[in-house]
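Can you build the whole structure from these sequences, using the hints too?
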Amino acid sequence: MKHIFITHILLLLFFPHVWKAQAQIKVVNANTSTPTNYKNGSILGTDSIFVIYSPDANGKEIEASMQVYYGPEGINNFTWYRFNATTDLFDSIFTETSVTISNFTTDKQGGYQVRVYNNELTVDTLFHAWLFIELFQIEGILITSSTCETMTLNADTNFNSTFTYYDLVDFTPLVFTNAVQFAWALDPDYTTLTANAKPTFEAPVEPVSFTLTMSDVLKFQRKYLLNIDEETTNKFNDKLLIAVKADFKGQSANETEPADTTVHPEAPHGVVFFNETKNGDEFEWYFYNHPRWMADEGDTLLTTSSLFEPLDSIYYLHPARKEDIKPGYDVKLFAWGPVYNEAEDRCLDTLRKPDFVIVDTTQFPNTYTSLPNVFTPGEDDFNKTFYYLEGSAEDNLPVKSIKYFSIKIYNRWGNKVYDYEDSDGSWTEDGVQGWDGRTRFGGMARPGVYYYVILAEGWDGRTFKVPGYVHVF
Numbered sequence: 003m004k005h006i007f008i009t010h011i012l013l014l015l016f017f018p019h020v021w022k023a024q025a026q027i028k029v030v031n032a033n034t035s036t037p038t039n040y041k042n043g044s045i046l047g048t049d050s051i052f053v054i055y056s057p058d059a060n061g062k063e064i065e066a067s068m069q070v071y072y073g074p075e076g077i078n079n080f081t082w083y084r085f086n087a088t089t090d091l092f093d094s095i096f097t098e099t100s101v102t103i104s105n106f107t108t109d110k111q112g113g114y115q116v117r118v119y120n121n122e123l124t125v126d127t128l129f130h131a132w133l134f135i136e137l138f139q140i141e142g143i144l145i146t147s148s149t150c151e152t153m154t155l156n157a158d159t160n161f162n163s164t165f166t167y168y169d170l171v172d173f174t175p176l177v178f179t180n181a182v183q184f185a186w187a188l189d190p191d192y193t194t195l196t197a198n199a200k201p202t203f204e205a206p207v208e209p210v211s212f213t214l215t216m217s218d219v220l221k222f223q224r225k226y227l228l229n230i231d232e233e234t235t236n237k238f239n240d241k242l243l244i245a246v247k248a249d250f251k252g253q254s255a256n257e258t259e260p261a262d263t264t265v266h267p268e269a270p271h272g273v274v275f276f277n278e279t280k281n282g283d284e285f286e287w288y289f290y291n292h293p294r295w296m297a298d299e300g301d302t303l304l305t306t307s308s309l310f311e312p313l314d315s316i317y318y319l320h321p322a323r324k325e326d327i328k329p330g331y332d333v334k335l336f337a338w339g340p341v342y343n344e345a346e347d348r349c350l351d352t353l354r355k356p357d358f359v360i361v362d363t364t365q366f367p368n369t370y371t372s373l374p375n376v377f378t379p380g381e382d383d384f385n386k387t388f389y390y391l392e393g394s395a396e397d398n399l400p401v402k403s404i405k406y407f408s409i410k411i412y413n414r415w416g417n418k419v420y421d422y423e424d425s426d427g428s429w430t431e432d433g434v435q436g437w438d439g440r441t442r443f444g445g446m447a448r449p450g451v452y453y454y455v456i457l458a459e460g461w462d463g464r465t466f467k468v469p470g471y472v473h474v475f
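Just so we're aligned: 454 in my numbering is position 452 of the sequence shown, and the numbers increase by one with no gaps anywhere.
Treat the hints with care, since some could be wrong.
If you anchor each label on the Cβ, the simulated ranges turn out as follows [as the list claims (entries may be wrong)]:
(1) N120 with S217: 55 to 61 Å
(2) V30 with P340: 49 to 55 Å
(3) N385 with Y453: 16 to 22 Å
(4) N198 with D357: 38 to 44 Å
(5) Y471 with G433: 22 to 28 Å
(6) Q183 with T235: 27 to 33 Å
(7) T235 with T194: 23 to 29 Å
(8) L137 with F96: 56 to 62 Å
(9) L46 with L137: 27 to 33 Å
Dumping the calculated BS3-like pairs for lysine-lysine here, alpha-carbon to alpha-carbon at most 30 Å [what the hints assert, rightly or not]:
(10) K221 with K247
(11) K280 with K221
(12) K200 with K251
(13) K221 with K241
(14) K251 with K405
(15) K405 with K418
(16) K41 with K221
(17) K225 with K62
(18) K334 with K247
(19) K241 with K251
(20) K62 with K221
(21) K225 with K241
(22) K410 with K386
(23) K386 with K405
(24) K200 with K247
(25) K237 with K200
(26) K402 with K418
(27) K334 with K410
(28) K386 with K334
(29) K251 with K334
(30) K62 with K28
(31) K334 with K402
(32) K241 with K200
(33) K402 with K467
(34) K110 with K28
(35) K225 with K251
(36) K280 with K334
(37) K410 with K467
(38) K251 with K221
(39) K467 with K386
(40) K110 with K41
If you're looking for bench data, these hints aren't it; they were derived computationally from the structure. Don't be surprised by glycine CBs; every beta carbon is placed ideally from N, CA and C.
What follows is the structure in structure tokens.
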């Protein structure tokens, strides 16, 4: 300490007109700066620590472009010094005379001092600054693990976390600590990655972009982008996009949109399946029978399919009764991903959707109140056919899952004037729903009272008989 103190006094004696002035050294290409925190700050005030992040985005090492401008007195002489931590002295490194601005380029970090003076010594002052050339680089993003379930990344980075500078009174070493943080962004954004250098997360099932952002406490950032697709491999030539996610939807003829959870077809009807699996290569569909139609109440396979999207692959003939505890049919999809190594391994994902297909319960308006008791056949659009009523009454239900329908209509003398039957449960003839008043003999029914008998059978075996009367006007 004695040596240091004498050195400092000699420096003051050598430059009799030295005074502490506001720092005028600047680094033109600095990315950012932060103030010093000298131990003897009450004497020294503050100087700047200029930070340059190197290398640049192209990997080129960056040199600092330092500059001193002392405008008040015009042309001056400038002597540059670099701090020597071994001797606690500033070593002279460069002198420039008779200039207004002095520039100095260096690739060495540390403390810098500049003496500005003129030949008459009417100007003689010192400026100080510290230069931190911080290694701050993202070399790349490494995929250290890729399995059927998870993927692990590793941010391959280089950075300096500390920079040492010194108090200029007693030369106590001081440390500026710089820490980095990591943030990850995905596109598509299907999961969340932890904010560290080595996140482990759900394996992707489609091409994805990872963006790594590395930032420090001074808010400087560097970014790196990694794209992974079906052709991306590791050093062993193994594919990395290997996980698979099974998914499907279904749609029946009486539905307008594919359903994700439950399909409601009307018996008998096939269901069209839509394969929405991601990264799938081979498939196997399992269609389970309804428990009500199983002798042992166990899982019984009704059929299977290896098609990508089975079309009408299975006919559901048995509608569920309202009292059934489990009314639906299960569907299970096995999906295998692409071969990803020489052993021809594949990832497998399965998805079983319980009660995915629920065949509509047999419904039939089984009382005479479901039909009009009066109709007027002819050209008038009002009441021109004898057909089921529409409304909110409990009996006015739409016909569903009926496999047989017949109606016979008799006049008051017991003669049959109309007869219709159909094996698909509909009551449509020549584009007309119901009876339009034409008799089976070709003419129109005369006004009067007519008696009818409707017989129907559902796909669940239930039968319905509906007798009634209708007045024709």
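So, going through the hints one by one against the coordinates:
| no. | hint | verdict |
| --- | --- | --- |
| 1 | N120 with S217: 55 to 61 Å | 45 Å, violated |
| 2 | V30 with P340: 49 to 55 Å | 53 Å, holds |
| 3 | N385 with Y453: 16 to 22 Å | 19 Å, holds |
| 4 | N198 with D357: 38 to 44 Å | 42 Å, holds |
| 5 | Y471 with G433: 22 to 28 Å | 27 Å, holds |
| 6 | Q183 with T235: 27 to 33 Å | 31 Å, holds |
| 7 | T235 with T194: 23 to 29 Å | 26 Å, holds |
| 8 | L137 with F96: 56 to 62 Å | 25 Å, violated |
| 9 | L46 with L137: 27 to 33 Å | 28 Å, holds |
| 10 | K221 with K247 | 39 Å, violated |
| 11 | K280 with K221 | 38 Å, violated |
| 12 | K200 with K251 | 36 Å, violated |
| 13 | K221 with K241 | 37 Å, violated |
| 14 | K251 with K405 | 27 Å, holds |
| 15 | K405 with K418 | 24 Å, holds |
| 16 | K41 with K221 | 25 Å, holds |
| 17 | K225 with K62 | 16 Å, holds |
| 18 | K334 with K247 | 13 Å, holds |
| 19 | K241 with K251 | 29 Å, holds |
| 20 | K62 with K221 | 22 Å, holds |
| 21 | K225 with K241 | 25 Å, holds |
| 22 | K410 with K386 | 18 Å, holds |
| 23 | K386 with K405 | 27 Å, holds |
| 24 | K200 with K247 | 24 Å, holds |
| 25 | K237 with K200 | 19 Å, holds |
| 26 | K402 with K418 | 27 Å, holds |
| 27 | K334 with K410 | 45 Å, violated |
| 28 | K386 with K334 | 49 Å, violated |
| 29 | K251 with K334 | 11 Å, holds |
| 30 | K62 with K28 | 22 Å, holds |
| 31 | K334 with K402 | 27 Å, holds |
| 32 | K241 with K200 | 20 Å, holds |
| 33 | K402 with K467 | 16 Å, holds |
| 34 | K110 with K28 | 15 Å, holds |
| 35 | K225 with K251 | 39 Å, violated |
| 36 | K280 with K334 | 16 Å, holds |
| 37 | K410 with K467 | 11 Å, holds |
| 38 | K251 with K221 | 47 Å, violated |
| 39 | K467 with K386 | 24 Å, holds |
| 40 | K110 with K41 | 24 Å, holds |
The structure is inconsistent with the numbered hints 1, 8, 10, 11, 12, 13, 27, 28, 35 and 38, although it conforms to all the rest.
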